[in-house]
Amino acid sequence: MREPLVEIKDLHVDFEVRDGTIHAIQGATFNIVRGETTGVIGESGCGKSVTAKAIMQMIPKPGKFVKGEVLYHYRDKDNPGQEEIINISDLDPDGTRIRKIRGGEIGMIFQEPMSSLNPVYTAGFQIGEALDIHRLVPKTVGDHMADAITEFRHVTKKESREIAIDYLHKVGLPKPKERVDSYPHQLSGGQRQRVMVAIALSCDPVMLIADEPTTALDVSIEAQILDLMKNLQETEDMAIMFITHNLGVVAEMAQDIIVMYMGKQVERATAVNIFYEPKHPYTKALLESIPHVGKRHRGRLASIKGMVPSPFNLPSGCVFHPRCPSFMPGKCDVIIPKWQEVEENHWVSCLLYEEV
Amino acid sequence: MSDQEAKIPKIKKKEKEEPVSQNYWSLVWWKFKKNKLAVAGGIIVALFYIICFFFAEFFAPYLLQQKTDYLQARPQVLRFVDSEGNFSLRPFVYGLEEEIDMELRKRFYVENPEVKYYLHFFVKGEPYKLLGLIPADLHIFGPDPDNPDAHIFLFGTDRLGRDLFSRIIFGGRLSLWIGLLGQVITMILGVSLGAISGYYGGVTDVVVQRLTEFVAAFPDIPLFIALAAAIPVSWSPEMIYFVLTLILVFIRWGGLARQVRGLILSLREREYVLAAQSSGASDVRIMFKHLIPGTLSHIIVIATLMIPGMILSETALSWLGLGLRPPLTSWGVLLQEVSNVRTIRFAPWLLLPVPFVIFVILAFNMLGDGLRDAMDPYGGR
Amino acid sequence: MAKEPKVYTPGVDVEEHLKPERINDPAVILEVKGLTKYFPIRKGLLKKVVGNVKAVDDISFFVRKGETLGLVGESGCGKTTASRTVIRLYEPTAGAAYFKSTALSSTNEPVIVNLIDLDKEEMKKVRREMSMIFQDPVNSLNPRMSVFDIISEPMVIHGNNDKQENEKVVTDLLERVGLRASHMRRYPHEFSGGQRQRIGIARALALNPKLIFCDEPVSALDVSIQAQTLNLLQDLQSDFNLSYVFVAHDLSVVQHISDRVAVMYVGKIAEVAESDALYNNPLHPYTEALLSAVPKPDPKYESTRIHMQGDVADPSNPPSGCYFHPRCRYTQDICRTTPPEYRELEPDHFVSCHFAEELDLKGV
Numbered sequence: 162m163r164e165p166l167v168e169i170k171d172l173h174v175d176f177e178v179r180d181g182t183i184h185a186i187q188g189a190t191f192n193i194v195r196g197e198t199t200g201v202i203g204e205s206g207c208g209k210s211v212t213a214k215a216i217m218q219m220i221p222k223p224g225k226f227v228k229g230e231v232l233y234h235y236r237d238k239d240n241p242g243q244e245e246i247i248n249i250s251d252l253d254p255d256g257t258r259i260r261k262i263r264g265g266e267i268g269m270i271f272q273e274p275m276s277s278l279n280p281v282y283t284a285g286f287q288i289g290e291a292l293d294i295h296r297l298v299p300k301t302v303g304d305h306m307a308d309a310i311t312e313f314r315h316v317t318k319k320e321s322r323e324i325a326i327d328y329l330h331k332v333g334l335p336k337p338k339e340r341v342d343s344y345p346h347q348l349s350g351g352q353r354q355r356v357m358v359a360i361a362l363s364c365d366p367v368m369l370i371a372d373e374p375t376t377a378l379d380v381s382i383e384a385q386i387l388d389l390m391k392n393l394q395e396t397e398d399m400a401i402m403f404i405t406h407n408l409g410v411v412a413e414m415a416q417d418i419i420v421m422y423m424g425k426q427v428e429r430a431t432a433v434n435i436f437y438e439p440k441h442p443y444t445k446a447l448l449e450s451i452p453h454v455g456k457r458h459r460g461r462l463a464s465i466k467g468m469v470p471s472p473f474n475l476p477s478g479c480v481f482h483p484r485c486p487s488f489m490p491g492k493c494d495v496i497i498p499k500w501q502e503v504e505e506n507h508w509v510s511c512l513l514y515e516e517v
Numbered sequence: 022m023s024d025q026e027a028k029i030p031k032i033k034k035k036e037k038e039e040p041v042s043q044n045y046w047s048l049v050w051w052k053f054k055k056n057k058l059a060v061a062g063g064i065i066v067a068l069f070y071i072i073c074f075f076f077a078e079f080f081a082p083y084l085l086q087q088k089t090d091y092l093q094a095r096p097q098v099l100r101f102v103d104s105e106g107n108f109s110l111r112p113f114v115y116g117l118e119e120e121i122d123m124e125l126r127k128r129f130y131v132e133n134p135e136v137k138y139y140l141h142f143f144v145k146g147e148p149y150k151l152l153g154l155i156p157a158d159l160h161i162f163g164p165d166p167d168n169p170d171a172h173i174f175l176f177g178t179d180r181l182g183r184d185l186f187s188r189i190i191f192g193g194r195l196s197l198w199i200g201l202l203g204q205v206i207t208m209i210l211g212v213s214l215g216a217i218s219g220y221y222g223g224v225t226d227v228v229v230q231r232l233t234e235f236v237a238a239f240p241d242i243p244l245f246i247a248l249a250a251a252i253p254v255s256w257s258p259e260m261i262y263f264v265l266t267l268i269l270v271f272i273r274w275g276g277l278a279r280q281v282r283g284l285i286l287s288l289r290e291r292e293y294v295l296a297a298q299s300s301g302a303s304d305v306r307i308m309f310k311h312l313i314p315g316t317l318s319h320i321i322v323i324a325t326l327m328i329p330g331m332i333l334s335e336t337a338l339s340w341l342g343l344g345l346r347p348p349l350t351s352w353g354v355l356l357q358e359v360s361n362v363r364t365i366r367f368a369p370w371l372l373l374p375v376p377f378v379i380f381v382i383l384a385f386n387m388l389g390d391g392l393r394d395a396m397d398p399y400g401g402r
Numbered sequence: 017m018a019k020e021p022k023v024y025t026p027g028v029d030v031e032e033h034l035k036p037e038r039i040n041d042p043a044v045i046l047e048v049k050g051l052t053k054y055f056p057i058r059k060g061l062l063k064k065v066v067g068n069v070k071a072v073d074d075i076s077f078f079v080r081k082g083e084t085l086g087l088v089g090e091s092g093c094g095k096t097t098a099s100r101t102v103i104r105l106y107e108p109t110a111g112a113a114y115f116k117s118t119a120l121s122s123t124n125e126p127v128i129v130n131l132i133d134l135d136k137e138e139m140k141k142v143r144r145e146m147s148m149i150f151q152d153p154v155n156s157l158n159p160r161m162s163v164f165d166i167i168s169e170p171m172v173i174h175g176n177n178d179k180q181e182n183e184k185v186v187t188d189l190l191e192r193v194g195l196r197a198s199h200m201r202r203y204p205h206e207f208s209g210g211q212r213q214r215i216g217i218a219r220a221l222a223l224n225p226k227l228i229f230c231d232e233p234v235s236a237l238d239v240s241i242q243a244q245t246l247n248l249l250q251d252l253q254s255d256f257n258l259s260y261v262f263v264a265h266d267l268s269v270v271q272h273i274s275d276r277v278a279v280m281y282v283g284k285i286a287e288v289a290e291s292d293a294l295y296n297n298p299l300h301p302y303t304e305a306l307l308s309a310v311p312k313p314d315p316k317y318e319s320t321r322i323h324m325q326g327d328v329a330d331p332s333n334p335p336s337g338c339y340f341h342p343r344c345r346y347t348q349d350i351c352r353t354t355p356p357e358y359r360e361l362e363p364d365h366f367v368s369c370h371f372a373e374e375l376d377l378k379g380v
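Chains as they are written, first to last, in the numbering used here: chain A, 162 to 517; chain B, 22 to 402; chain C, 17 to 380.
These are computed hints drawn from the structure, not numbers from a lab.
A few of these clues could be false.
What the hints assert, rightly or not - Here are the computed lysine to aspartate or glutamate pairs in the EDC-like style, where the Cα-Cα straight-line distance is at most 20 Å: (1) B:52 x B:397; (2) C:64 x B:304; (3) C:141 x B:397; (4) A:336 x C:330; (5) C:141 x C:107; (6) C:81 x C:314; (7) A:300 x A:266; (8) B:52 x C:206; (9) A:445 x C:330.
Hey, can you work out the whole structure from these sequences and the hints?
Okay, structure coming up:
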């Protein structure tokens, strides 16, 4: 049963900067399915990170919602039959409801684990921000976890420590009883990322947003974290939104993949279909431009000609047209392609598939 | 799905005047120009230096040591309308008349509306040597040269009857000059030692670092007092001036050296430095072509913001009698006269050098802040 | 009065350990033997040396003309330090690096010199023949210098100050890397990451080197730009018969561009072999595990991953014996006590593992 957990509908987010307006997301529409992993891939500037932050109502200034909705299908743990649809985009970013969701129901892990206090846990963050305390007073791993745990569960300090140790063990951190009292800088990158996952999990979230969680890690550690996340998804029945630019990682992790380019989603399908039957020229070009371990091309990689355009000067019509090998003059530079389902569960926005 | 057939207009771009060249310093200048406050600060500082340093004699109606008979006279207010309501385009002042207060046993002056002295511009006054070389006698304004009784003391006079307005201008010459010269020497010392220490590391670094720490730990005020007491009275004013400058430099070069060292340390590992080294660049080339230009923006800002400190230090020290002494005249020396309550009570105008000091410092700070903002012209790229 | 460069003469007093083996082969351009670089760890007020970070620990490899040798490994393996030490950006703690230089030769024939022995002047001459491309597109170009200044700097350093002459060369270089001559008046911040890397490549080519050390040149670039840049590097290699030492952590990129690959772990070389041989038939357990850890861009790829326990070893405090033993699933007692020998097990396939013959390892 593929039940939607979070529905993103026609999301538009703009950033007003000194040099103009950046349309960071232009009309993203997709669902995150309960218990499954949705991968979002794209290169820099495609808007994938902003999408994740939009779901959590954490768009950094000077960004703002322009249009669209983020609908969260909330189910109370005690009353699982009932479902309530909450419009996250309507919630006050500093309000109580979103703070319950953020970290409590939807967890998030980032690329740089624990280099600074996790901004998702607003109580500690806001106080720390106000007093700049988080830089002065170092917090142990246990303290970080306690922030999260006590915010969402009514437990004593002692109980939260026990819970923390339990989750540290769950994420495979060796010697959790000792580690809970160490400081983040005493741990390696991989260990810190495990702690991040533990913090995110400790509130029993129904979804985890992972924004490039393994990009800064060595391959061998990356493998460990990916395996960990796959296992946890099974045992905790958790949805994952996995954001990355690494095609290998997304192939391994995601059941569904969304491809983004310059703020627009260009294709969406199951992982198998994206890799084996890509429809959008950008997706195809991306797949052809990566070297594969084990398959040595003797020769050149098929590269995408041209450069990523400036966000202040987006091309007319289809935003990919100047670099597209299937460019159709008179059409692609004039008409904006529609997002449509061309096969079962396979969506593209490309004029090659549109009757024009 | 909304109708998206039409061609969408290109994203609106805010109208932006592009600078002509993307060279770093051009960008800095372009960004600096946009900051009105900073430009104002710069102009004020420049004006102060030009007026006080180069053309003091021209701008001052009286000479530095020119005594008159009007002792501790109050300032004469510049007027355009006289007591009868007559407007005059040419500004004038009322003459001063002596009065004696028998109770206080003090002589003081009041303005006499009957007597008017008009300001004459570009007048022939006391002769001097412009820039120390060219003989001249023109002043930008002054009392009527044909009337030996005419006197214009915009800021009053001191106890020897010397025009304070003129003396403030002359005083600025020394105050500003010490600030600048001291800063230049500090920079030379601080940058070179900081750069060498940061680049070579090792023993040199350790030695320089300990040295700067030693200097920084020195308590300023006791040092000054001790040195001031130690300066022999027989020394010429120029020597004292020179030594004072050195003392100010001594206190400050350590901080600058440490900052430069820090900058060099961070720049030294940049890949473009490695690239130059891998091409075979000499240390000298690396230092002057790559490292120091990278620190220049910081150094300029630091220097600009240090000068007011120097000026303030000199003023304070001289005011306390620990610095310059007459006949050398700086703003601090001018304030030496105002060291007791009696003087402040009866001749408060003698404090007028103070707002000038403050004004110059503010101008330097505005300039320095503007420079600091401009030195990052990439907009945080 | 040119000094005689220190030409390597076979038989002359060189430690056994550092004797070159391959450099006499006319196809070989560089041979590194026993290269070691330790960084001292200093603590305390007097900065006493309390230990060493063994960034590079006795490695040996060689590079053939016109060929790319990939140096791959995870963080702390020493790949970047190794390449920077050969080019003497860092002074080696020990070892030798034999190079065939024409710049130091008094005739047209190249002469073999040990880079480590050369003094500053000699090294400067040899630097014409080798150059480096760096990883970070932002920090590898001096933001205060124009593109022209950046690319012509190597020429200026070596005495070519003729502005017009240099302009011609820079124009040529810019075009070769796919940029335009008009770009030379511009400044680095006006270019994208991929373009900045191209400028760095143009700079590396300025003096017509024979050997280029590429230090993670594509790691900071987007995937589509990586492809363009790799293609450019390959084109340049075939046009100019360049040799590359290609340092990277991305195994798929390394496999694509390298003829031979060396896998490094904590300052040592675990295995060196031809690209295909390494990936299809690894002889070292670390290589096997690494290959299985790389996520494959193929959702249908089914394979049980080999798990390496724990974290990458710490070069300042490496494990005893074989550095990989705590994470290796084939560890035996000898692995804990004795460092394995680095030997040529199959033709042109070197490995340092006690059990390389016996193990039957899985490739990709």
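Right, here's what the structure says about each hint:
1. B:52 x B:397: 9 Å, holds
2. C:64 x B:304: 27 Å, violated
3. C:141 x B:397: 38 Å, violated
4. A:336 x C:330: 19 Å, holds
5. C:141 x C:107: 17 Å, holds
6. C:81 x C:314: Measuring from Cα to Cα gives roughly 35 Å; hence the hint is violated.
7. A:300 x A:266: Distance ~24 Å between residue 300 of chain A and residue 266 of chain A Cα, so the pair is violated.
8. B:52 x C:206: 17 Å, holds
9. A:445 x C:330: Roughly 41 Å between the alpha carbons, so the hint for residue 445 of chain A and residue 330 of chain C is violated.
Violated hints, in rising order: 2, 3, 6, 7, 9; the structure is consistent with all others.
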